[in-house]
Amino acid sequence: MKIVAICGAGVGTSGILKVNAERVLNRLGIDAEVTASDIASIATSAAQAQVILTSPELVDKIGKTFADIVVIENYFDLEELERKLDKALG
Amino acid sequence: MTLPPLPDSAIALSQDASNWREAIRLAGAALVESGVAEPGYTDRMIEVVEEFGAYIVIAPGLALAHARPGADVRREGLAVVTLATPVAFGHPHNDPVSVILGLAVTTPESHVTSVAALANVFNDASAIPAVAAATTPDAVRAVLGATGEAAA
Numbered sequence: 001m002k003i004v005a006i007c008g009a010g011v012g013t014s015g016i017l018k019v020n021a022e023r024v025l026n027r028l029g030i031d032a033e034v035t036a037s038d039i040a041s042i043a044t045s046a047a048q049a050q051v052i053l054t055s056p057e058l059v060d061k062i063g064k065t066f067a068d069i070v071v072i073e074n075y076f077d078l079e080e081l082e083r084k085l086d087k088a089l090g
Numbered sequence: 001m002t003l004p005p006l007p008d009s010a011i012a013l014s015q016d017a018s019n020w021r022e023a024i025r026l027a028g029a030a031l032v033e034s035g036v037a038e039p040g041y042t043d044r045m046i047e048v049v050e051e052f053g054a055y056i057v058i059a060p061g062l063a064l065a066h067a068r069p070g071a072d073v074r075r076e077g078l079a080v081v082t083l084a085t086p087v088a089f090g091h092p093h094n095d096p097v098s099v100i101l102g103l104a105v106t107t108p109e110s111h112v113t114s115v116a117a118l119a120n121v122f123n124d125a126s127a128i129p130a131v132a133a134a135t136t137p138d139a140v141r142a143v144l145g146a147t148g149e150a151a152a
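Line by line, the protein sequences give chains D and H.
Reading the first sequence from the start, the letters are residues 1 to 90 in full-length UniProt numbering.
Reading the second sequence from the start, the letters are residues 1 to 152 in full-length UniProt numbering.
Each pair of labels, with its calculated beta carbon distance range:
hint, chain 1, residue 1, chain 2, residue 2, range
1, H, 71, D, 48, 29 to 37 Å
2, D, 65, H, 75, 34 to 42 Å
3, H, 35, D, 30, 37 to 45 Å
Heads up, simulated SDA-like pairs for lysine to any residue below, C-alpha to C-alpha not over 20 Å straight-line:
hint, chain 1, residue 1, chain 2, residue 2
4, D, 2, D, 23
5, D, 64, H, 52
6, D, 61, H, 50
7, D, 84, D, 62
8, D, 61, H, 46
9, D, 61, D, 71
10, D, 61, H, 51
11, D, 2, D, 27
12, D, 84, D, 26
13, D, 2, H, 112
14, D, 87, D, 27
15, D, 84, H, 123
16, D, 61, H, 93
17, D, 84, H, 92
18, D, 61, H, 52
19, D, 84, H, 125
20, D, 84, D, 29
21, D, 61, H, 53
22, D, 61, H, 47
23, D, 2, D, 43
24, D, 2, D, 38
25, D, 84, H, 60
26, D, 61, H, 68
27, D, 61, H, 54
28, D, 2, D, 67
29, D, 84, H, 93
30, D, 84, D, 50
31, D, 61, H, 90
32, D, 64, D, 48
33, D, 61, D, 41
34, D, 61, H, 92
35, D, 2, D, 26
36, D, 84, D, 67
37, D, 2, D, 70
Think of the hints as simulated: they come from the structure by calculation, not from any bench.
C-beta atoms are modelled at their ideal positions from N, C-alpha and C, and glycine is treated no differently.
Please put together the full structure from these sequences, using the hints given.
Right, dumping it as structure tokens:
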């Protein structure tokens, strides 16, 4: 299972999403690799990913993908992350 | 997991900004003031939002202003700005913004430690209102668990 957290610059916000996604996956008992990446390199970084985590502002910029796109509004709300990841992966 | 030091020069409280650009400029000025970045980094933080939109507003009321590592970053650092009157960044859910964190990192890898520490702080839903309401740099450092001076 591969999950990629996408942000504009590839540092900062995607890192927060990655850290919190790992916490939630751990809580859910799901074994997955989470990486942080930027929009520019999404074609390569998301090629093997089952799930893309991102912000509502960036969804339109992601383009074609076979991965499930999970939109997170509040990056610090672990319950939102858990609910949406559980739905996408369950 | 610790945050970069947060000296008084990196904290600007109850500031006035009439739009998101001014708000990011305040965070950039604090990074320059505290010796973390050159003024060019401020422009690059604004360009990130111009290019990708307001995704840096990652939680209600909080923007994480940042750009890629570059020659205009002297060292990894953090700045905290609060606004007297919140401003809209154009985010569909998390506007208006009253707390702007300015983050500068030197390598793509180095940011992971800082952001993990930020997540530890702000996963507590009371942290953003507490920073927004802080009236002294000490109060901000207390919420973030940050020190005022570099350990080295």
